Amino acid sequence: MKSESWNRVEQLLQAALELEETQREDFLQQTCAENEDLRREVESLLEFRNDVDKFMETPALEVAAKGLANKHFLYQEANERDMEGKTVSHYEVLQKLGGGGMGIVYKARDTKLGRLVALKFLPSELSQDRQAVERFRREAYAASALNHPNICTIYDIDEYNGEPFIAMEFLSGQTLKGSIGDRPLPLDRIVDLAIQICRGLEAAHRQGIIHRDIKPANVFLSDEGTAKILDFGLAKLVSGATETTVVTNPLPVALEDSVSSLGALMGTPRYMSPEQLRGEELDVRTDLFSFSVLLYEMATAVPPFSGATANAIKDEILHQRPVDAEQLNPCLPSELGRIVRKGLEKKPGQRYQNASELRADLQRLMREAESGQRGVEASPSLLPVFAKAGRKRLLFSAAALVLVIVAATFLTHRRQPVILGGTDSILISDFLNTTGEPVFDDTLKQATSVQLAQSPFLNILSEARIGAVLKLMAKPRDTKLTPDIARDLCQRAGAKVYIAGSIASLGKQYVIGLNAINCQTGDLMAQEQETADGKEHVVKALGTAATRLRGRLGESLGTMQKFDTPLDQVTTSSLEALKALTVGRKTLLEKGDAAAIPFFKHAIELDPNFADAYAALAISYTNLREPGLAGENLKRAYNLRDRVSEREKFRISNYYYILVSGQLDKAIETNELWAQAYPRDYVPHGNLSTTYSYLGQYQSAVTEVLEDLRLNPESGSAYTNLVDLFTALNRLDDAKATYVQALARKLDNPYLHTNRYGVAFLEGDTAEMERQVAWAEGRARGADVFFSFESDTEAFHGRLAAARELSQRAVESARLNGDPETAAQWEMNSALREAEFGNVERARAQTASALALAPSRDVQLLAALAFARTGDSARAHKLAEDLTRGFPLNTVIDRYWLPTINASIEISRRNPTRAVQLLHSTAQYEFGNPPPQFEVGGSLYPPYIRGQATLLLHQGTQSIAEFQKFIDHRGVAVNCPLGALARLGLARAYVLTGDKGKSLNQYREFLTLWKNADPDLRILHQAKAEYAQLSNSIQ
Amino acid sequence: MGAGPSLRDVTQLLRAWSAGDQSALDKLTPLVYRELHRAAKRYMARQQADHTLQTTALVNEVYLRLVAFKEVSWADRAHFFAVCAQLMRRILTDWARRQRYQKRGNKARHISLDEALLLSPERSPGLVALDDALRVLSGTDPRKSQVVELRFYAGLSVDETAEVLKVSPETVMRDWRIAKLWLLREMTGGKPVEV
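Here the protein sequences come in this chain order: A and B. With the numbering used here applied, the first sequence covers 1 to 1035. With the numbering used here applied, the second sequence covers 1 to 195.
Simulated from the structure, these hints should not be mistaken for laboratory data. Everything numeric in this text was worked out from a predicted model, so none of it was measured. Glycine residues also receive a C-beta, built at the ideal position from the N, C-alpha and C atoms. Some hints here could point you the wrong way.
[Unchecked claim] Calculated pairs, EDC-like style, for lysine to aspartate or glutamate (alpha carbon to alpha carbon, straight line, at most 16 Å): (1) A:540 x A:593; (2) A:342 x A:357; (3) A:666 x A:357; (4) B:191 x A:43; (5) B:191 x A:37; (6) A:586 x A:441; (7) B:191 x A:47; (8) A:347 x A:441; (9) A:112 x A:158.
[Stated by the list, open to error] Residues on chain A that point at chain B, a partial pick, calculated with CB under 8 Å: (10) 10; (11) 13; (12) 40; (13) 55; (14) 59; (15) 60; (16) 121; (17) 511.
Can you build the whole structure from these sequences, using the hints too?
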């Protein structure tokens, strides 16, 4: 209803608009005589009369369309279109997207695969320029090695009429440049994007690739909110780059010099690092500087170095400190300002040393912002902040924001009140089955679980948690969750809603109902019902009802559509098979893997395409240490992975990549996608931390473990791993503190203690070492591990006899536990030790014995190494070939073990040069702790062998560098005997370089370590003799 | 993804809605929305800067896809356009908000006159501020808000708008002009005087 007064205003306005300027005054004078307010109202509207004609004349769609024209892939202009409609190789060019300094880009369709791609050509003027072409190819080469959700994927490089082009991922969205307007981005957006970009940088740096041109125009934001790094055109391949070393040894590539001499000219000066401007040697920290410039700009909307000319900018970057970000944007937490300042330090040594350190700080900032503690000063020891899982209502954490954008349709506007908020949990109670048909018992609850678990929105109480609460209620684990018990349990567990289902029969039909009930009040919050015509349709009907329930509980349409595979496809359409799996799972919890396996097998008999059943079988076999059978079933599950829910797909893929194919880069990718799709799942973070530690990326691993713990504070394995990781990073105090925290939370296990033992070893704390050994004494589980690790300590000090005895006890203990594979592993540990000490016969005998005990892949691998170390090239070679053939994609075998084995073979064949060459490919991985883990830490075998080879080649300096790694990375090697022998290696290498003083020091160090060694050891005699000779030659 | 809406569904829903059944609009919205969204995206991807815009053509296209036009009446079409106008407004405003990554529900702060006039994509506060201002306007004078929706968001001509709203074209012109004055004042932070 229009009000009287508004009508009046309108009339006057209308009339006034028809009048001339001059007449208006009078008119208003007359009509608004008594009413000042009325007059002011009309006048305030008349103010805009001259603007009215231009306003909203272009319909909204056109406005938006213009905006979208800027959203195209890289650049903005659209002039010549000569390529449109042509076919280039197997790509059909659809549209020119943009052109600019570094290349013209087209949107195209890959006719082979049907997907959209972007084709990037060199501008025609440059295609004649050999250097430009070379640079272009290098971009493709470098970037094609990268496969990561936050990096624009390169698919192909090809040529068209002599002009080279790259085919890459087609992205819809806009660059960060277009996104940062004149206003800073919101804080959670900044941090979320920054973390994503960091992940991309980590992936590239992991491969030894530096971007060198990080800037807003090179960061793309897809429509779903994913950040992707573009344009590795200036990338430079750096070998030997790891997180813990900084010095780089560039590969001898022909154009290296010309590329670096142009370095100062290429790239945008505003985002360049000081070392780039000075034309110095670059490393990953250059990217971190540029990234910090980006971060500053996101946070303040202005760049930190804002000079008007190139020279002014250069001067600022080299000599001037930028204004603190917090001053330009007072909403910023001081912590973010600190992070940016650290990133912008002029000296690389004072910045973050790698992207994962940066990311860890950003993630911590995000956590603190979520729990309301903004701007907390960083605690230098970075101890994990295990705040009680925040019960605070969290409507838009950055992670959730990403999720909503990922699942975007525009329609997130809900039509009914939201029942569940961001951290609320639900409990699924037992179904009420009045049909009289036992096939429905338990299976429907299982199926409901599966369907609801697809949703990233719902937080379902796990079996483990339910079991724990039942225990508190003094009830047995298999208590039926009737409504009363469910409600009680629900309240104790802190869940908000429980789902009560029912099935009843009506003649041939079944009626399935799902109720969502408020735990506190008992109120019915939502209800869904479906009918099924016959048993075979029950599962499908249940799925439909469950999906609707998801919506009623408040899940957005977007994620529901994205994560909604029909239930019968996601489990099985066979009710009997589902029952078998369900019973199997129950049995697993009550009686263990062996008892559960027959049920899983039965499920597969009933439905040979039941992916979940294969996966369950594989996991049980893994727990029973039957890797062969586990692998087979995992392969089948993997091949069926499109028949499972999104989350299951991630889980199965992860297992497959880790346990079967060993493709660690794919495992990382899978887990990162998993973490993005389901931000509250802790499992992918745990997986990532393990994978990173295999690769030696310890800092990244720490970041992931901390996330794991944040989401799952009761994880004993996470604490254990964290101790290990801190040790590898030489942060022994943090390792010890973590150990204490784990004990305080009663999260004890044998490996926690072996890791603590390792820390004690590094500190020379014999009392603590003894305490830990005492802990293990008499325990059935874990005794063998300790025996073997103790044997390493003995060997480290040259006490070979004691070491042998301890190894024997380890082997026996494992055998008594019914674990022949582990026994064989301890045997191999011993065999390798014998090989290093020069006891060839013993080494070979023990190797043969281990192979007889358990000829598994890991044992074969270690055996190949042992044969190589004892000079039995034929056997070593044969085993190595079997491994190559059997595991072609396995990262750890391909890049760490095989080169080590083959290099060793070459040394025994007297080809040390070849050995060094073969070891090139281990450079990225050699500080890792890959499986098989037969020692406390990683063995650092590749540097050791390289050290030996370079000694043989009289390359003193190189040899020193290799053996020095054992000292610099003590935290990784821990008590591996090679660490002691490395001292001897160093001593010998210093002789080659003429550093007699240093050489003597190292001999002394070695002999001190071996002061109580067995007197008859050949190594000891040699060392003593060499030492004596050297001392005399100085006098 | 589920199957598309049946043509019968949409027509029935349109009828039900025009007969006063509010829940019909609830059901109608996602159906039409999806189509409109897809069409808009396709459309916007095709646009070059110098093409003349045919928003009505786009809405018509969606309309033809969705409605069993043999059964349709003139009144239905008018209603359909009204629905589309609302949906287009939602689509575009959401898009504009996302450009700025603003949280939903934030009131767009007041903008300068330039920003209001330009309503350019770089200045997407304009689209967001407009949405907020329209909401306020609809409290004072719903018909003017509708005029704006139909003209600006659905791109209807004055005559077409007049048809849909069942008023004379002159009325539409007057409403349009006054609405624009009012919106400009609202978006730039001016407040109505209590009369």
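These are the hints, each one checked on the structure:
For the given pair, residue 540 of chain A sits about 30 Å from residue 593 of chain A by alpha-carbon distance, which is inconsistent with the 16 Å threshold. Taking the CA atoms of residue 342 of chain A and residue 357 of chain A, the gap is about 11 Å. The hint holds against a cut of 16 Å. Using a Cα cut-off of 16 Å, the hinted pair residue 666 of chain A and residue 357 of chain A is violated, with the two alpha carbons roughly 23 Å apart. For the given pair, residue 191 of chain B sits about 12 Å from residue 43 of chain A by alpha-carbon distance, which is consistent with the 16 Å threshold.
For the hint linking residue 191 of chain B to residue 37 of chain A, the alpha-carbon distance of about 12 Å falls within 16 Å, and the restraint holds. Taking the CA atoms of residue 586 of chain A and residue 441 of chain A, the gap is near 12 Å; set against the 16 Å cutoff, the hint holds. Taking the CA atoms of residue 191 of chain B and residue 47 of chain A, the gap is about 13 Å. The hint holds against a cut of 16 Å. A threshold of 16 Å between alpha carbons decides the hint, and for residue 347 of chain A with residue 441 of chain A the separation of about 67 Å lies outside it, so the pair is violated.
With a C-alpha separation of about 15 Å, the suggested pairing of residue 112 of chain A with residue 158 of chain A holds against the 16 Å cut-off. Annotation: residue 10 of chain A was flagged as interfacial toward chain B, and the flag holds, the nearest CB pair being 6 Å apart, inside 8 Å. For residue 13 of chain A, the interface hint holds, since its Cβ comes within 8 Å of a Cβ in chain B; the closest pair sits about 6 Å apart. Contact between residue 40 of chain A and chain B, as hinted, is supported at the beta carbon level, the nearest pair being about 5 Å apart and thus within 8 Å.
With 8 Å as the threshold, the beta carbon of residue 55 of chain A comes within range of chain B, its nearest partner Cβ sitting at about 5 Å, so the hint holds. A distance limit of 8 Å between C-beta atoms decides the matter here; for residue 59 of chain A the minimum to chain B is near 4 Å, and the interface restraint holds. Hint status for residue 60 of chain A: holds, given a least beta-carbon distance of 5 Å to chain B, under 8 Å. A hinted interface residue such as residue 121 of chain A counts as satisfied when its beta carbon comes closer than 8 Å to some beta carbon of chain B; here the least separation is about 21 Å, so the hint is violated.
Here the hint on residue 511 of chain A is broken, as its CB sits about 23 Å from the closest CB of chain B, past 8 Å.
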